[in-house]
Amino acid sequence: MENLLRINNLTKRFGGLTAVNSVSLDVNIGEVIGLLGDNGAGKSTLIKMVSGVYLPDEGEMFFGGQKVNFSSPRDARDMGIETIYQDLALAENLDVGSNIFLGREILHTYLGGLIKTVNRTKMREEAVKALDRLNIRLPSLTQQVLNLSGGQRQAVAIARSIYWNAKLMIMDEPTAALGVSEQRKVLRLVNTLRDQGVPVIIISHNMQDVFAVATRIIVMRRGKKVGERMTNQTNPDEIVSLMVGAEEAQESGIDLNSADPE
Amino acid sequence: MTVGEKKESPTPRQETQLRKGKPDRASRLVFIRKVWAWIFLLFLVIGFSIASKQANDIDFVSLRSVQGILTYATQILLIGLGETLIIIVAGIDLSAGWVLGFSAVVGATVMQVLYASGASPFIVISVGMLSGILVAVIPGLINGILIARVKVPSFITTLGIGVLIEGVALLVSGGYPVVKQPPYLGQIGNSSVFYYWPDHGISFFKYPETAVQADLPNISVILPTIVLITMIVTAVVWFILAKTQFGHHLYAIGGNMEAAKRAGIPVQRTLIKVYILAAVLAGIGGVIWSARFSSGAYNAGETTTLNSIASVVIGGASLFGGEGTIIGTIVGALILATIQYGLVLLGVVPFWQFIAVGIVVIVAVIVDQFGRTLGR
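Here the protein sequences line up with chains E and P, keeping their order. All residue numbers for the first sequence refer to our numbering, where the first residue is 498 and numbers rise by one. All residue numbers for the second sequence refer to our numbering, where the first residue is 5 and numbers rise by one.
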């Protein structure tokens, strides 16, 4: 499998708190990584370093074999790392096309560039292409996003990232606010992305989701990576115990039962 | 694993059902909210027609009253255009009426001085009006910077700047109307585009040279110049809002400012621009006021701000941002102007205007909310 993202010993401190402590991981093309951990385990901080929101204090990142230093989310996005947060960042009063082209509208030019108008028709046509690529069907493209369901909005956000040539997709709790059938659709989209050569990192609390789509699971606890398992070689019980720390204690050889370390 | 999942392409039944149900409801909601104001305007005209026929035996629907209503509407509309743009980005501009007065005072003062110094009419009018319009950029820029950069809520910022500008205009004018204007100023402000004299033809912008006092009642005066100017300005602002990237960004910012920022839209710059644009529109309103009344007064736009905001709300804009159109604001301004003109024509005590306008605004908000609940 071709490597896309490599993280070496990434560390981030906030004052006295080490939010991420020397974490290394690889993301390869064709993979879906499930990033699991309790609240405050450092998942979000790690992801924010990858997406350019935070600057790491230590460690290095390689993207497509090339060393990268992101000073802003824009840098990361220009490289093809797209992050979809829970709030999706859609302007709900606008239609699907306008959202896919938000901030990068297609323009008509008249009089040699003197007058420019927004080309809604073209934006809509391109939106259809982006949605088709992901097998997404929406009731109407002229409607405000406001009238779409949670899963459909998620699909629009994903389609937007794909349209702008995302090479790596990071999704923060993509199914948190969705009904069961909608969750399933979003997970199917994740698989579609993977099949099209876009690896996905999913942050989730939902063990079922992660087991449904992830090829590999990474567990974080208190800023450290405490476990990495292929999904088909582990089970939810093992992952939970990694998340809460029992497994880590066993792995590092401390006997929880013995009161006296001597 | 891959093959199995790929087969289930996402054509879920729920979405098909959605396709049938929701657009209908949504389009019905859009329809009601779009047309109710026009229907209301129609009823207003019918009501006034009956009332003025019975009370004074006057025909309400006439060239004269249509032009009267349009003239009333110009000032509300000019401020209302800027107010529409600002309300779309979820802001509000309470300073616009005072900026209008400030521009009227500054423009009139410049014209007074130039006229006294014996400058040519062209210089007096062009320099005077341009300075009146351009001076409005200052309060607009301050509003924009405070709101976009310092993050002071627009309500507070524009209230403060409005009162401040009122003070400056009072200082410049000494509290008196700025008079001693060139006679041609009032002629421009009260002229019309067409003067149609049956059997003699049409002349433009003034009465035919050959007409004497006795001929004047036979001449139809069509399209006041200030109405034409307001129409042109309105068309330009409509184009900016409905067609350009700047206008598109206003809707995006009003819909989700955070998303707009993340998408790389220059939110701060856009906000500053919109407050400047609104102030310039108020400035245009100010110099038009000067031309109409051959004067400049600090309180020229005193009641206009709230009427304009009312017209924007009647036109279907949401004070939460993201929604609103120029067409809507035009209808809103026409409704308010029709009420004002109609009540004057009926000889009703003018104070009733305020009560009528207040009722219409509240009805507009109720209709809007009713429409929204229907859409859910």
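Note that these hints are calculated values from the structure, not bench results. It cannot be assumed that every hint is accurate.
To be verified - SDA-like cross-link-like pairs, simulated, lysine to any residue; straight-line CA separation at most 20 Å:
(1) E/K613 / P/G268
(2) P/K155 / P/L134
(3) P/K38 / E/N644
(4) E/K613 / P/A239
Owing to the predicted nature of the structure, the values given are computational and were not obtained by experimental measurement.
Taking only the CA atoms, is the gap from P/K155 to P/L134 under or equal to 20 Å? violated, 31 Å
Given the hint that P/K38 pairs with E/N644, does the C-alpha gap stay at or below 20 Å? holds, 18 Å
Just to be careful, I want the Cα atoms of E/K613 and P/G268 compared with a cutoff of 20 Å; is the pair within it? holds, 19 Å
Keeping to a limit of 20 Å between CA atoms, is the pair of E/K613 and P/A239 held or broken? holds, 16 Å
Violated hint: 2 only; the structure is consistent with all others.
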